[in-house]
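Engineer: Take each chain as given, in its own frame, and dock them per the hints.
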Amino acid sequence: MTSVLTAARSPWWAVSVWPGRFAQRHPDWVVWVAAAAAWAVIVGLEAGSAAHGTGGDLRDHSWVVIQAGWMLMTLAMMGPSTVPAVRRVAFDSLPRRRSRAISIWLAAYFAVWLVFGTVATGFATFGERVRWALPGALLVAAAYELSRRKRRALRACHVTVPLPPNGRKADIACARAGVRHGTACVEACWALMTAMAVAGHGSLLLMVLLSTIIVAQRWLVVATRLGPHVAVILVATAALVVL
Amino acid sequence: MAETLVRQDVWKLETSGPTPFEEVTLAYALAVDVMQRRRASDPTSWAYQAEVHAVRGAVKPPDKFRHQCQHFTWFFLPWHRMYLAWFERIIRSIVQDLDVDAISAETKQTWALPYWNYEGGGDTAKLPPAFRERRLVVGDVDMANPLFVRRRNRRINAGQALPGASVRAGLAMAEFFFSEPPEQGPFSGLGGSETDWHHGRGDGPGLPGELEVTPHGSVHSDVGGLMSAFDTAGLDPIFWLHHCNIDRLWEAWAHQRGRVNPDQARWKDLVFHFHDESGEEVTGTSGSVVDTVALGYEYEDITPPPPAPRRRRQSMVEEVPQRSTERPAMVGATDDTVELTGQPASVEFSVEPPPGVDASRRRRAAPEAPAARVYLRVDNVEGERNPGHSYGVFVTPPGDEEEAAVDDYHVGNLSLFGIEDASNLDQDHPGGHGLAYSYDITDLVEVLEAEGRWDPRRIKVTFAPNQPLDPEEDPPPPVRVGRVSLYFR
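Sequences listed follow chains A and B, in order. Taking the working numbering as reference, the numbering of the first sequence is continuous, increasing by one, and the terminal residue is 630. Taking the working numbering as reference, the numbering of the second sequence is continuous, increasing by one, and the terminal residue is 584.
Chain B on its own, in the form it takes in the complex (with noise of 0.2 Å):
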């Protein structure tokens, strides 16, 4: 592609008149239509892109092609690049077909699919107007909105933002690592474990990166209806925007200092299958979409948003952390699982000195040993289904009951994406283990050291919704945790 197209925040893009529809939303909403119309078999269509993603249904993948998405491994991030970059295609050959008066010359030559920057302030973690209109009424187009589907939580639907600690990139932004090699556990980094082609590792679940858990998972269960499962929410408009801002937010990560994504050849190498805006094979590798210029495109911004609420040692913020090479050591866990129904649920276990404590006294500390990290892991999270919102996870200090669930004790987010899948033993996509999440809450422990609100004996977790529940529907399904662990490295 000779010219670089530019990928815009769709907050920003100015209207003028009643109608939230300027020109690059309204060749979107026409190109969907156009899209919608094409028969399901026809890969340049809305319903094979949506199967590109998962295929309802399907115990194993019907072709090279569809039910192919990569989630809970480090393959998510490029993968995604890869699927939004042809379905980009496809929306701009559409486009630069349309014959409407409302949509410029320009604006067909260069459209590029907009992000959906919820953390932009103001409204803008509100659905986009453009997405909420029942109807499409700009010039002579007066038709039934495609960018508008029922299937959505309703007070989203109706103009409610979503809760901010389900968009807030932060905690992703702050992690130096893209990925943790296997032989030091199942820990995540932004992007997501070390696997091959697959949810799996041979010794346990993949865990999804912070990114891929928040803003990304979160912000499909809070969006809810045909977005909060894997094998609808490609259905929704919307689906297309929120990735795009995920992969900004990874190419803004990618700018930031010391931040390297992996070069190692199983994950450059691995190819994927793709169609092209003619319906045409194409293939695309991790290697081959670390450059968006590369690709054909670049964002408007991408500057990081702004750093996680949560207290922190401001020297943690700069320091680039020395990459350990031990397996961390469980300390501590639940016994029971926790059943979370909706309401505010709370655990507490004991917490054993991590190996080494009584070393410490007796040898001098190696001078060149990395820094010490505190894991909180939470496994075997199951569901029939999404409940249709995310929940916040906070360590709690003892003495802080009556505000366990406040921002700077907020260490991350059980997004459940994916959730109906984890425990399906009929698919490989991700087979039977439940979710899996891991957080690393080593800045929240010094803090509360250094302010002696730490019990180094005992923990306490908190599992709160990110939005309360809507009264005018029915109670969400159950949500049961399998264990909550402190790990420390």
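Bound-form chain A, shown alone (with noise of 0.2 Å):
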């Protein structure tokens, strides 16, 4: 019998060519070309709005669109904070599952924050009535930083949950992570993904400004204290859009 040991000696990559070598390894591509697709279509939108003088109203589009917008930033904004967990998941699964324990656990993420974007995208169209909406939402976002509640769940977001290796288990388990992941993620992020969907249109720098935040608090391992600081940030942020 081969010894396994002597067969795994050949590099494994050795079967791939370049780019499926890469995927190897970096099994979480698919996350960054979406997020940065994403972005392209937000600020080409946003350049169009504007040499055009449209879209200003969100009452002005269909329900279905408003949500397509909605998804369209949070992928954006949300995804590239997937990263570590997407890369967990791959390299938690057996080799030949990893597209498909990717794509459950996404597609679980990604529907928790959906069924958000229903609540949050009302504040939005509430947001363009009132002068201080946006600055209001803002510092509740700055108050919900000093919380234990966004502590936890910022701890929430890198706990890992054990995955089966195959069949039916380890799909609804790629899916359950995915909800868990999401619901620690909205209620991590919910208050600024709100200010967010407050701020609409013409928001880009908005936009920039609460992504850095959202990811850094995910890829800093000492995330959980940088509250104070960033409700500082929000603090200001609010003041400059009264002034």
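Rather than coming from a laboratory, the hints here were simulated on the basis of the structure. Heads up, some of the hints might be wrong.
[Unchecked claim] Computed from the model, here is a short list of chain B residues facing chain A with C-beta under 10 Å:
id, residue
1, LYS155
2, VAL244
3, ARG422
4, ALA428
5, GLU447
6, SER518
7, GLN522
8, GLY529
9, GLY577
10, TYR582
The beta-carbon is built from N, C-alpha and C at its ideal position, and this holds for glycine as well.
Structural biologist: This is the structure:
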């Protein structure tokens, strides 16, 4: 019997051409590509709206279009924060199941944000009618940054769950893991994303700022200690909006 | 410090007469008593020094000095070395002021923290006698023994030896690498996962290094009581001798052929904060503590302990493995949670051929490719509290069900030290993942393959408590193992 260790000495990446090897080492590539594409579309739409002076009022759009816009924004802002978890799901799965595991996990994760979006986008239409809506949303987000609930949610974003290796059990576990992670992320970031929804069109700078905060809080291992600093930034941003 | 002090094996300290207290342990006991009488807010007090490790119920560190213990991280060894060094100075400063005839001037000047070498043979796996006596009676000293605490495993306090599998450092000494780069996946080496100041990393929990698991964590759990939890361990006087031995084992490892400590700036330069014997703030970095002589001490014996008893190819003992840049691939795992309740429990799961098996038949193996490694992972280990004992982990070939848990198949331990904090989302310490362990079982797989006893399609893993349950104690709380998995690289 051929030793499984001897057989494994043949570098397994050798079976693949270069893109395959890259994908094997970086299973999160699909997230980066999707997030980059979402940013490109958003920047393009914002540029087009500015040039033509259109798209400013959400009441001009159907509910479906609003939700699609929400998901595009969520993909752009939250996508990069999923990378550590996506990598973990991939490397904790059998190699032949990696694509399936990642796909199920991402679908479940963003489904949670889709559900949240039906509520958050309601605030978007509200924000267009009330001048103080955005500063108020930013102040709420600042206060939430100092809460124990936020810190627990940030830690929950780092939690890994065991995944069965095969079959329906594995699929269900990946879906549950995606829902669990999505729920933790909503709990951590709902205030920031609601502020973004209230900001609506023409808020690219705010989107960049909040995306940076979200990614920093996911990637930095001392993120739970950033709360006071982020709160100050949000309060300052609210003040700038008022001025 | 002008003179290099020598840390001695507590079991080799000579005593005469009926008392187990010779000068070094007597001095230690009296100094502990002095520290215990100091106000808890005093940085040189017993309570404060215990809180430097962890603060009970703390959600976050109250300051930059306390609740700082580094576990499941490559900072585990250097941080504890600093912690010990400053504690030793506090003790020595007290010792030098003791007015006790039974302690000579020489001992006062040269006092150094002794270590507990539980692999020294004979009775050395037992708690040293000076820690089991309830009274300290030496000369004109007659008092409750500060080195004795009730809150330990009843049988260990009564003189039973720690289990052999708990104290064995051979697996740690066999590790060639201190840590693994994060891009290779969360595998740990001697010293633990590469992390920042934290116990977790972005894509999963930091892993304890082999030395942190065994004998460090397993001795914590098997001594039990105060020693079994982060926030009380420092209150047991044996804690310091135990960690002194762990520090000595790091030194022994570093003196073996081919072993090097990390040289990355992010390991060497991270600053930690302590207090000296005067209560003044001091700082240290990992890079500043790799040389114990520069810190003012050395060990009387850094002979590596005997190798692990399980069989391995002799050549594997000698060869220096190449460092692979490939991330291990998962090839099999359990479906369900395993519950450990103080009895042996086994799981089996199927294994798929590692990626590249087909490739080896079509392409010539790259001669420069590093030899394959096989890792067993145990993840998402959770429980409400430490059960008061560690578990051995055994990879058992088929046909050996009768002797599933024998030394030949022992791959490591579930030490379970830190389990109550591991699932606590109110702490960064370590923050909700549960515990995780990784074992390099390559040598065992090669031996079993050579004997024709390795089934490449299926693996059986057995967990067995390293010491039997105490019939006089309540049943231990259950421990849940989320997943057992096999990886090839």
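Engineer: Give a verdict on every hint.
Structural biologist: Status of each hint after checking the structure:
At a threshold of 10 Å, the smallest CB-CB gap from LYS155 of chain B to chain A is about 7 Å, leaving the interface hint in force. A distance limit of 10 Å between C-beta atoms decides the matter here; for VAL244 of chain B the minimum to chain A is near 33 Å, and the interface restraint is violated. About 6 Å separates the beta-carbon of ARG422 of chain B from the nearest beta-carbon of chain A, less than 10 Å, and the hint is met. For ALA428 of chain B, the interface hint holds, the least distance from its beta-carbon to any beta-carbon of chain A being 4 Å, beneath 10 Å.
With a cut of 10 Å, the hint placing GLU447 of chain B at the interface with chain A holds, because the nearest CB-to-CB distance is about 6 Å. The beta carbon of SER518 of chain B comes within 9 Å of a beta carbon in chain A, closer than 10 Å, and the hint placing it at the interface holds. With a cut of 10 Å, the hint placing GLN522 of chain B at the interface with chain A holds, because the nearest CB-to-CB distance is about 8 Å. The interface hint given for GLY529 of chain B holds, since its Cβ lies 8 Å from the closest Cβ of chain A, which is under the 10 Å cut-off.
At a threshold of 10 Å, the smallest CB-CB gap from GLY577 of chain B to chain A is about 4 Å, leaving the interface hint in force. Annotation: TYR582 of chain B was flagged as interfacial toward chain A, and the flag holds, the nearest CB pair being 9 Å apart, inside 10 Å.
This entry does not satisfy hint 2, going by the numbered hints stated previously; all others are met.
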